[in-house]
Amino acid sequence: MLFIDSTIVRAHQHAAGAQKKEGPQDIGRSRGRLTTKIHTAVDGLGNPVRLLLTGGEAADITQAQALIDGFDALAIVADKGYDSDAFVISIMARNAEAAIPSRKNRIIGREYDHHVYKDRNLVERFFNRIKQFRRLATRYEKLARRFMAMLHLVFAFIWLQ
811 MLFIDSTIVR
821 AHQHAAGAQK
831 KEGPQDIGRS
841 RGRLTTKIHT
851 AVDGLGNPVR
861 LLLTGGEAAD
871 ITQAQALIDG
881 FDALAIVADK
891 GYDSDAFVIS
901 IMARNAEAAI
911 PSRKNRIIGR
921 EYDHHVYKDR
931 NLVERFFNRI
941 KQFRRLATRY
951 EKLARRFMAM
961 LHLVFAFIWL
971 Q
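Residues 811 to 971 in the working numbering are what the sequence shown spells out, letter by letter.
Just to be clear, a hint being listed does not mean it is correct.
Stated by the list, open to error - Think about it this way: if two alpha-carbon atoms lie no more than 25 Å apart in a straight line, the pair counts; the simulated SDA-like pairs of lysine to any residue are:
{"#": "1", "residue 1": "Lys928", "residue 2": "Ala876"}
{"#": "2", "residue 1": "Lys890", "residue 2": "Phe937"}
{"#": "3", "residue 1": "Lys952", "residue 2": "Asn938"}
{"#": "4", "residue 1": "Lys941", "residue 2": "Gly856"}
These are calculated hints, taken from the structure and not from any lab test.
I would like the entire structure built from these sequences, with the hints used as guidance.
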């Protein structure tokens with residue numbers, strides 16, 4: 811099983827203002843504050859297997875395909891933010907089960923396995939674990955690659971536990 815989700819990390823005011831030559835730094839405005847969104851895929855044991863960064867205003871579904879590419883999972887579990895016909899069809903094309911509940915504004919709801927979806931708390935617990943590290947709870951780095959390096963360091967620490 812593969813669990814995907816994202817979380818918002820607030821960026822400190824000094825994290826903004828990287829030089830233009832460095833390119834985009836994955837800091838965006840979300841609800842008036844500078845934020846970065848961490849998109850993560852977690853395996854059935856709660857260990858991270860893929861990580862992507864975007865600005866805080868990015869929708870979850872924009873990174874969904876990139877999170878699952880290259881994995882052969884029996885089921886992909888995600889929340890309502892990943893409810894998209896195109897995404898579910900791509901999961902079905904992989905011969906995997908899509909445990910994604912329908913949004914409430916969907917005209918025709920889609921069935922999903924509630925028992926598989928109950929284990930989605932693994933990804934939420936993973937985010938709680940990484941936010942115990944002060945450097946990840948608030949982004950202090952100006953450059954996205956440095957923040958990504960901090961994330962990889964914490965991911966390695968979690969894998970070793």
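Unsatisfied constraints (hint numbers, rising): No numbers; nothing is violated.
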